[in-house]
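Asker: Chains A and B, in that order, give the protein sequences.
Per our numbering, the very first residue in the first sequence carries number 1; after that it's consecutive.
Per our numbering, the very first residue in the second sequence carries number 531; after that it's consecutive.
Hints were generated in silico from the structure; no laboratory data involved.
Treat the hints with care, since some could be wrong.
To be verified - Below 20 Å or equal to it, Euclidean Cα-Cα: the simulated EDC-like pairs (lysine to aspartate or glutamate) are:
{"no.": "1", "chain 1": "A", "residue 1": "Lys491", "chain 2": "B", "residue 2": "Asp947"}
{"no.": "2", "chain 1": "B", "residue 1": "Lys929", "chain 2": "A", "residue 2": "Asp50"}
{"no.": "3", "chain 1": "A", "residue 1": "Lys525", "chain 2": "A", "residue 2": "Asp484"}
{"no.": "4", "chain 1": "A", "residue 1": "Lys525", "chain 2": "B", "residue 2": "Asp897"}
{"no.": "5", "chain 1": "A", "residue 1": "Lys242", "chain 2": "A", "residue 2": "Asp112"}
{"no.": "6", "chain 1": "A", "residue 1": "Lys233", "chain 2": "A", "residue 2": "Glu268"}
{"no.": "7", "chain 1": "A", "residue 1": "Lys233", "chain 2": "A", "residue 2": "Asp213"}
{"no.": "8", "chain 1": "B", "residue 1": "Lys658", "chain 2": "A", "residue 2": "Asp68"}
{"no.": "9", "chain 1": "A", "residue 1": "Lys74", "chain 2": "B", "residue 2": "Asp897"}
{"no.": "10", "chain 1": "A", "residue 1": "Lys491", "chain 2": "B", "residue 2": "Glu727"}
{"no.": "11", "chain 1": "A", "residue 1": "Lys242", "chain 2": "A", "residue 2": "Asp253"}
{"no.": "12", "chain 1": "B", "residue 1": "Lys929", "chain 2": "B", "residue 2": "Asp897"}
{"no.": "13", "chain 1": "A", "residue 1": "Lys491", "chain 2": "B", "residue 2": "Glu858"}
{"no.": "14", "chain 1": "B", "residue 1": "Lys825", "chain 2": "B", "residue 2": "Glu858"}
{"no.": "15", "chain 1": "B", "residue 1": "Lys907", "chain 2": "B", "residue 2": "Asp897"}
{"no.": "16", "chain 1": "B", "residue 1": "Lys677", "chain 2": "B", "residue 2": "Asp660"}
{"no.": "17", "chain 1": "A", "residue 1": "Lys525", "chain 2": "B", "residue 2": "Asp660"}
{"no.": "18", "chain 1": "A", "residue 1": "Lys525", "chain 2": "B", "residue 2": "Glu727"}
{"no.": "19", "chain 1": "A", "residue 1": "Lys146", "chain 2": "B", "residue 2": "Asp728"}
{"no.": "20", "chain 1": "A", "residue 1": "Lys312", "chain 2": "A", "residue 2": "Glu327"}
{"no.": "21", "chain 1": "A", "residue 1": "Lys525", "chain 2": "B", "residue 2": "Asp947"}
The residues making up each chain are set out below.
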Amino acid sequence: MQLTLWTYEGPPHVGAMRIATAMKNVHYVLHAPQGDTYADLMFTMIERRDRRPPVTYTTFQARDLGSDTAELFKRSVVEAHDRHRPDLMIVGASCTAELIQDDPGGLAAGLDLPIPVVPLELPAYQKKENWGAAETFYQIVRALTKRPHQVAASDERRQDRRPRCNLLGPTALGFRHRDDVVEITRLVATLGIDINVIAPLDASPADIARLCDADFNIVLYPEIAMNAATYLKRTFGQPMTKTVPIGVGATMDFIDELGALAGIDTTEARATLGSRLPWYSRSVDSTYLTGKRVFIFGDASHVVAAARVAAKELGFTVAGLGTYSREFAREVRAAAESYGVEALITDDYLAVEERVQELQPELVLGTQMERHIAKRLGIPCAVISAPVHVQDFPARYSPQMGFEGANVLFDTWVHPLMMGLEEHLLAMFRTDFEFQDGAAPSHLGPGRVDATSAAVAAEPPLPAAANSTAETLEGPVAPKWADDAETELRKIPFFVRGKARRNTERFATDRGVTTISIETLYDAKAHYSR
Amino acid sequence: MTVVPRTSALSHANASGTGCADRPVIVEHGQREVFCGLTSIIWLHRKIQDAFFLVVGSRTCAHLIQSAAGVMIFAEPRFATAIIDERDLAGLADVNEELDRVVAQLLSRRPDIRMLFLVGSCPSEVIKLDLPRAAQRLSRTHAPAVKILSYSGSGIETTFTQGEDACLTALVNELPQETDAAIPSLLVVGSLAEVVEDQLNRLFASLGTFDVAFLPPRKAEALPAVGPNTRFLLAQPFLTDTARALTERGGRHLPASFPLGARGTTDWLHAAAQAFDVPDAHFRDVTRAGEERAKRALEPHRFRLAGKSVFFFPDSQLEIPLARFLSEELGMVPLEVGSPYLNRRIMAAEIDRLPASVQLSEGQDVDRQLDRCKAAKPDLVVCGLGLANPLEAQGLTTKWSIELLFAPTQGYDQAGDLAALFSRPFERRARLEVPGCN
């Protein structure tokens, strides 16, 4: 049993959902209790998908446990097939259904559906989301690709066409997968290589069957595609890429790798393609980036790639790094060693927080979790990896991979940092009252609080008579707030409190109310309600 | 999957309220697009400020609470999950010992915690982990610093707001017994925003000199007493078991509509006024200003919303009171009003005031309900976050139901805010000049 405040990954069936949702004409019947449908909203809200994930949840309840949940599962499969008419069905259990041991795979097989049905065994009490995604993709690839002897008979002659590859790994709810696919597709095309299939994102079961028609595979996201690519290599002899093209150096290496795999000359491409990152990094204003201490945490591939960019392309010092991807701990440990630090392999958010606190880095490159840690500790942060947040699906084109991806990295990692001269000023004049927490930026004029307190200090309180004289002579004065009304006002969230104050005062002034009571506050609220 | 038209006469012989006796209700048992009871922790952990909620469950449970409402704004939340793993299931570790260890670890991290809820989940229920017993055992270990209680928020037993019902039921058992000499007092039951509680407190103070307490309290240490002199008003409609537990402790339920909108709030307050013999003239004097103000605040929204049809997917059990408010106070036309669970006794005052044309439904088969929704072509669909964007993409206008729970909506001075939640989607559509909109 593990005490968990936040979790980096969901359960493995959420990984399976990411594959099913990414694909076309696939339906997933998940044996699960009421409530597991929460996962739908990550796709419809975080990723803003315009349709529900293709998942039917059997929704068993306590009263079903005594009767026949297996019957409920079978009925759900039949109804889902009738309603959605998919080309492929995947079936499995969520954590609770795993405990009741209904064997979804066996039950579905007994129904003799006219389409392939892939059963999933995703041990919910051992494994997590990325493992579930990788396993699901692998099982689908294994079930749908042709057998090797069928391929040998139908293969075209390699010399009659351009080289051809698959792009493996992008899923629904993936960190920048949408834009990485565009960037890498463009790069691959520039090199004169055709793309056979992109999977699982937007691939149909028929596309999966065609995977074996490619000469090699590009593994964009090893966490998701490594198992499937290894199977394809073993079964069809398709080699795979090893470099994740994040950063300028890695993208260059990736181009070399593609050249070797496709048997093409990439000299010209290397010479003409590029990113603004190298010049921006060499530019003198970037000298203040030198040796900034960064802490890096996320999934394994993004962390390893980010460390290289941070150290070699921005001139930062890697103060620490780690991953929650235990499956790739070896790769991350090796990378850490090359930067002279010890890798933190954990899915315990508290351990990560402790490490950040201990290291006190100047920049954190992490996930949404580290963004919270950094915010709490007052350290600048940029997000480089899943778990995703609605902000990780920007409206603009924003890849992490390829040359445009390198431009994006430069901007998003450097902008949270204080700019060079500004940093010096802050250090030199640390006691300046406007540099204190809570001080309003000076270009916005004197803060309201200061003005009021200064006025109060300078003037003795007016007697009531003088107050009313002032009103008759000089027109309406600003109404006063009764203590309880002021207290009530403070209960309004800070971001609308200013507006509420202004509206109430205007309302009171218009009506000649001199003292604002709680009643006035709410009268005004009702008046301005819209 | 099965649609069983049912009338209340068949299965709810004790149903009061004449208007709903003949209403046909669509009862469905199919795929439900709803949250489980664990989700209530999202607001409960903020409401009771010295309480902590420890879910005993799976990674799915942890992921749910974290994802459901984007609650990661709280870097150090007052909830966590004790994730059961393979070793616990295989018997390699004693689950109870593991739980004791995790609780000790948690309490040493958070010495400010005075009350700890062990919250049961689907997996803990299925493996029959006895959390009430664990709570007793741990209470002994950690007394007197921390009181440890338990309830189930599992999806196999509870839907969304029923988690609060289960939590409050557990709390009712802990309430001190009122003294024999206690004068009649009022207990307001159900989580409310603090600003709403303060407003209601002022109204009750003007109405009479009876004591008023709220459940849940802001501090777990400040539990109100209960007994035969306790009269209680439900501020939320989803508190079936809490109401039963309070009745068993001697409390008397004051049946009323729910404090949504001008009339809803007046009726709700009136139930209290009657129970404490507040003269009607005085009641009118105290409530007139607030009611008038609420009506003024509703007016601009009424202009936008009157005549518009609305379709409710089941979510929080607030659907029926909300449909009553929209129809009675804003002139909207409810088509189907779905509720995850229909308690006819608690809802009687609300159902009676719904137009006869309203189709009630209980439970869900989401695909069938979506078919009905598309056929009905409502002007507004009130639904959960999983359905909202897909329906918007099909051209329907939606309001996410979760906001109706999180935003302060009860009482006179929130009536306008509540109406605004429904008129904003229309206003937005009217403002936007982008492809796909109008």
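Asker: Each of the hints needs a verdict: does it hold here or not?
Answerer: Taking the hints in turn, this is what the structure says about them:
1. Pair hint Lys491 of chain A plus Asp947 of chain B holds up; C-alpha atoms about 16 Å apart against a cutoff of 20 Å.
2. Our distance criterion of 20 Å between C-alpha atoms is met by Lys929 of chain B and Asp50 of chain A, whose separation comes to about 16 Å.
3. Simply put, Lys525 of chain A and Asp484 of chain A have alpha-carbon atoms about 16 Å apart, close enough for the 20 Å limit, and the pair holds.
4. Proximity of Lys525 of chain A to Asp897 of chain B is assessed by CA-CA distance (about 41 Å); at most 20 Å being required, the pair is judged violated.
5. A C-alpha spacing of about 40 Å is found between Lys242 of chain A and Asp112 of chain A, which places the hinted pair above 20 Å, so the restraint is violated.
6. Using a Cα cut-off of 20 Å, the hinted pair Lys233 of chain A and Glu268 of chain A is violated, with the two alpha carbons roughly 29 Å apart.
7. A hinted pair counts as satisfied when its Cα atoms are at most 20 Å apart, and Lys233 of chain A with Asp213 of chain A qualifies at roughly 12 Å.
8. For a cut-off of 20 Å, the pair hint linking Lys658 of chain B to Asp68 of chain A stands: about 19 Å separates their Cα positions.
9. Among the hinted pairs, Lys74 of chain A with Asp897 of chain B is consistent with the structure: their alpha-carbon atoms are about 17 Å apart, no more than 20 Å.
10. Taking the CA atoms of Lys491 of chain A and Glu727 of chain B, the gap is about 12 Å. The hint holds against a cut of 20 Å.
11. In summary, the hint linking Lys242 of chain A to Asp253 of chain A is supported, as the alpha carbons are separated by about 10 Å, within the 20 Å threshold.
12. Pair hint Lys929 of chain B plus Asp897 of chain B holds up; C-alpha atoms about 19 Å apart against a cutoff of 20 Å.
13. Simply put, Lys491 of chain A and Glu858 of chain B have alpha-carbon atoms about 30 Å apart, too far for the 20 Å limit, and the pair is violated.
14. Taking the CA atoms of Lys825 of chain B and Glu858 of chain B, the gap is about 12 Å. The hint holds against a cut of 20 Å.
15. Restraint check for Lys907 of chain B and Asp897 of chain B: the C-alpha separation of about 15 Å stays at or below 20 Å, so the hint holds.
16. A C-alpha spacing of about 17 Å is found between Lys677 of chain B and Asp660 of chain B, which places the hinted pair at or below 20 Å, so the restraint holds.
17. A distance of roughly 50 Å separates the Cα atoms of Lys525 of chain A and Asp660 of chain B; the hinted pair therefore is violated under the 20 Å criterion.
18. Distance hint between Lys525 of chain A and Glu727 of chain B is fulfilled; the C-alpha atoms sit about 18 Å from each other, no more than 20 Å.
19. For the suggested pair Lys146 of chain A and Asp728 of chain B, the alpha carbons sit about 69 Å apart, so the restraint of at most 20 Å is broken.
20. Using a Cα cut-off of 20 Å, the hinted pair Lys312 of chain A and Glu327 of chain A is violated, with the two alpha carbons roughly 26 Å apart.
21. Among the hinted pairs, Lys525 of chain A with Asp947 of chain B is consistent with the structure: their alpha-carbon atoms are about 10 Å apart, no more than 20 Å.
Hint compliance for this structure: hints 4, 5, 6, 13, 17, 19 and 20 are broken, all remaining hints hold.
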